[in-house]
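Enquirer: Chains as they are written, first to last, in UniProt numbering: chain A, 1 to 77; chain B, 1 to 77; chain C, 1 to 339; chain D, 1 to 339.
Heads up, a few of these hints could be off.
List time: in silico DSS-like cross-link candidates among lysine-lysine, alpha-carbon distance up to 30 Å [as the list claims (entries may be wrong)]:
| no. | chain 1 | residue 1 | chain 2 | residue 2 |
| --- | --- | --- | --- | --- |
| 1 | D | Lys-259 | D | Lys-296 |
| 2 | A | Lys-38 | D | Lys-234 |
| 3 | D | Lys-234 | A | Lys-3 |
| 4 | D | Lys-21 | D | Lys-87 |
| 5 | B | Lys-38 | C | Lys-139 |
| 6 | D | Lys-259 | A | Lys-26 |
Just so you know, these hints were derived from the structure itself, not from any lab.
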Amino acid sequence: MNKVLFFAHLRDAVGAEYLTLDAGGKTVAELKDELVEKYDLPRMETVMTAINEEFASNDEVIRDGDEIAFIPPVSGG
Amino acid sequence: MNKVLFFAHLRDAVGAEYLTLDAGGKTVAELKDELVEKYDLPRMETVMTAINEEFASNDEVIRDGDEIAFIPPVSGG
Amino acid sequence: MNERYSRQVLFPGIGQEGQAKISSKHVLIIGAGALGSGSSEILARAGVGKLTIIDRDYVEASNLQRQQLYTEEDVAEKLPKAAAAEKRLRAINSAVEIRAIIGDATPELLEELVGDVDLMLDATDNFETRMMMNDISQKYKIPWIYGACVGSFGMSFSIIPGKTPCLNCLLRTIPLQGMTCDTGGIISPAVQMVIAHQTAEALKMLVEDWDAVRNSLVSFDLWRNQYTSMKMSKAKFAGCLSCGEERTYPYLDHENMTKTTVLCGRDTVQIRPSSAGEISLDQLAGQLSALGYTVKGNPYLISVEIGAERMVIFQDGRALIHGTKDLTHAKSLYQRILG
Amino acid sequence: MNERYSRQVLFPGIGQEGQAKISSKHVLIIGAGALGSGSSEILARAGVGKLTIIDRDYVEASNLQRQQLYTEEDVAEKLPKAAAAEKRLRAINSAVEIRAIIGDATPELLEELVGDVDLMLDATDNFETRMMMNDISQKYKIPWIYGACVGSFGMSFSIIPGKTPCLNCLLRTIPLQGMTCDTGGIISPAVQMVIAHQTAEALKMLVEDWDAVRNSLVSFDLWRNQYTSMKMSKAKFAGCLSCGEERTYPYLDHENMTKTTVLCGRDTVQIRPSSAGEISLDQLAGQLSALGYTVKGNPYLISVEIGAERMVIFQDGRALIHGTKDLTHAKSLYQRILG
Chain A
1 MNKVLFFAHL
11 RDAVGAEYLT
21 LDAGGKTVAE
31 LKDELVEKYD
41 LPRMETVMTA
51 INEEFASNDE
61 VIRDGDEIAF
71 IPPVSGG
Chain B
1 MNKVLFFAHL
11 RDAVGAEYLT
21 LDAGGKTVAE
31 LKDELVEKYD
41 LPRMETVMTA
51 INEEFASNDE
61 VIRDGDEIAF
71 IPPVSGG
Chain C
1 MNERYSRQVL
11 FPGIGQEGQA
21 KISSKHVLII
31 GAGALGSGSS
41 EILARAGVGK
51 LTIIDRDYVE
61 ASNLQRQQLY
71 TEEDVAEKLP
81 KAAAAEKRLR
91 AINSAVEIRA
101 IIGDATPELL
111 EELVGDVDLM
121 LDATDNFETR
131 MMMNDISQKY
141 KIPWIYGACV
151 GSFGMSFSII
161 PGKTPCLNCL
171 LRTIPLQGMT
181 CDTGGIISPA
191 VQMVIAHQTA
201 EALKMLVEDW
211 DAVRNSLVSF
221 DLWRNQYTSM
231 KMSKAKFAGC
241 LSCGEERTYP
251 YLDHENMTKT
261 TVLCGRDTVQ
271 IRPSSAGEIS
281 LDQLAGQLSA
291 LGYTVKGNPY
301 LISVEIGAER
311 MVIFQDGRAL
321 IHGTKDLTHA
331 KSLYQRILG
Chain D
1 MNERYSRQVL
11 FPGIGQEGQA
21 KISSKHVLII
31 GAGALGSGSS
41 EILARAGVGK
51 LTIIDRDYVE
61 ASNLQRQQLY
71 TEEDVAEKLP
81 KAAAAEKRLR
91 AINSAVEIRA
101 IIGDATPELL
111 EELVGDVDLM
121 LDATDNFETR
131 MMMNDISQKY
141 KIPWIYGACV
151 GSFGMSFSII
161 PGKTPCLNCL
171 LRTIPLQGMT
181 CDTGGIISPA
191 VQMVIAHQTA
201 EALKMLVEDW
211 DAVRNSLVSF
221 DLWRNQYTSM
231 KMSKAKFAGC
241 LSCGEERTYP
251 YLDHENMTKT
261 TVLCGRDTVQ
271 IRPSSAGEIS
281 LDQLAGQLSA
291 LGYTVKGNPY
301 LISVEIGAER
311 MVIFQDGRAL
321 IHGTKDLTHA
331 KSLYQRILG
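Construct the entire structure; sequences and hints are all you get.
Expert: Here it is, written out as structure tokens:
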């Protein structure tokens, strides 16, 4: 299983700080697509992904037990 | 084994952000005593201890694999 | 709601209702140094109804590196921090009712003040005053937010009576201090980081979003890139003399308070007269000038050079002796001047 | 070393040597809104040698909730932020050389400015300007520190050319934005938290303690009590057009820049004339008054009511049209006034 954390407006869209789901074997891009379909998440293509607190590209493969975080870049200042 | 993290001036006294050592079965007080002897740590009796990011009293027993953090209360403002 | 607060009303955690609550609340800030100047500015900008600020010190050159309300002019005028803070906060937000108290936070003063206070913010530099705030908080059921920093390190913890552990549960005794504060220095980003945590917690409490209040003690080191969050529910101590069943509020008892203090991080001793009462600064300044001393002053204090030391005397008889850490020596200088 | 900086000289990460370095450095801050007003104050107090601040906006009532250098008087006078910031920063530290530039951060302006700049701080509110800073940073080998916030959420990342990934590696394209910033609002503690991270990183770079510089992107949510640190070395992208082998610095090319922009979080359109040049504000104000328009002004700008909208025109021909998000409508209003 995987713990998937959401930051900023993604957390509001999902309605929870994190989800527990089975993402082992999927790429980051595949997981994003699944989540977009289920939760209507906005602009996931520009959202940054961390696997175990390390930056991960869209084609990186998730292993069982990895902790995933989705962090949207913001522009306010 | 246990990862033991040091904050603020304790880190300077130990000379490292963390140590890896075997504290399983010891109480927090026993671990403090050992470290005081080895590193000449100042005022350890008032330093707060976290075990796995949760507050722990001096008589709590450490288990193998627990992550310990020593956090000195400071007074500046 | 006012255009002025539109950006924070837009934030879902606050909204119109939250803004109305913020504008009806009274916050007491103890200390107007680094933490107090920063957090009072944030709360004044946020539109809090009333701010009371207590500080015993005046603005010095070494404060300007991190104390954000003050300018070079305040240093030149030796303004008390509470007075300088009030001046700047009024220019920032004239709608906030501001009360500045130049003096020491004693149990008597706090008990007299807290009648309509909704929240206290810790901006002091010593544990003696914090333990007193902590007892006041428990006795009058007013939440307070601990914050402190030294070097690039800092911490914060939100204390809600009847819900969280209190500071006395955590510390059990006043920690011996001095060393870290004297030798560690301080950088301004560490101050701002503590303020960010304290004021975020303050806004949650002012809008009464109690579920959002942090239940952990945060500590961080910005130079070493450390950050940790320690859950605190297990720290609650049944036998605590401040919040337990057999509570005595020990830090409201004068027997437990010192009269002479070395100020943290400074070569300065503070003397507090044992009995309260006002002194005539004009008269004293006249006498001292006549005796050949170099005396400067303003309506709030006078400053006298005495050999290598410098003594600053306030209207309530309190004095700061700069240039020494020797309590006995300081006391003797004080008595030489004030009898 | 000066008594003024004694507390930060005491901090072992800085010391006498670090303080001397800080006082010899030049920092460019792009933007004087929430982040820029806060970080410029911290760096001025820390005694940086020279600060250059660029901002195109003027102080409005809705800024006061979180933009720390400004007062109600600045709003009443409609002062440009760069000018108001300069005034306050001088009162805070007269030893710092401050250059305030009222205008847009264009590639030409930045290329002209950065000759002796040691560090750039991001305090802008849009990704177009950040991508431009990022290209300037790579082209001239000047580190910069990304920072941004919305609601109670914020983030920061330190970018060192030749060492860390750059912003274009992370984003690959300018994110579509607007929604979060328009709908999320902002609370001041989130601003302060970003500033704390940016200025701590700035001090490390100014004293050249490169090993202490954070190699992760920090993000946090103060209302939700979240904090995370993401290691970034794997984000480096070999094909990056800003920092890769085949770099073209795409964001220094005017073809990639818009001329008309809806300002983030505001019902306002900015129009930038395609050719540079000064206009006579006095003459224009006279003409408009004669036509029956309500016109106010100061040496930097004039403000004209046009039906439900309000247009503010700057000396360089740039205009802000308040009360609309419609680019075409805004452009037509602009052309009605300025041809």
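Enquirer: Compare the structure with each hint and give your call.
Expert: These are the hints, each one checked on the structure:
Proposed proximity of D/Lys-259 and D/Lys-296 is supported: the alpha carbons are some 25 Å apart, at most 30 Å. Taken as a hint, the A/Lys-38 and D/Lys-234 pair is honoured in the structure, with Cα atoms around 29 Å apart against an allowance of 30 Å. Proposed proximity of D/Lys-234 and A/Lys-3 is supported: the alpha carbons are some 21 Å apart, at most 30 Å. Restraint check: the Cα-Cα separation between D/Lys-21 and D/Lys-87 comes to about 25 Å, which is no more than 30 Å; the hinted pair holds.
Of the supplied pair hints, the one linking B/Lys-38 and C/Lys-139 is violated, its CA atoms being roughly 43 Å apart against a limit of 30 Å. Our distance criterion of 30 Å between C-alpha atoms is broken by D/Lys-259 and A/Lys-26, whose separation comes to about 42 Å.
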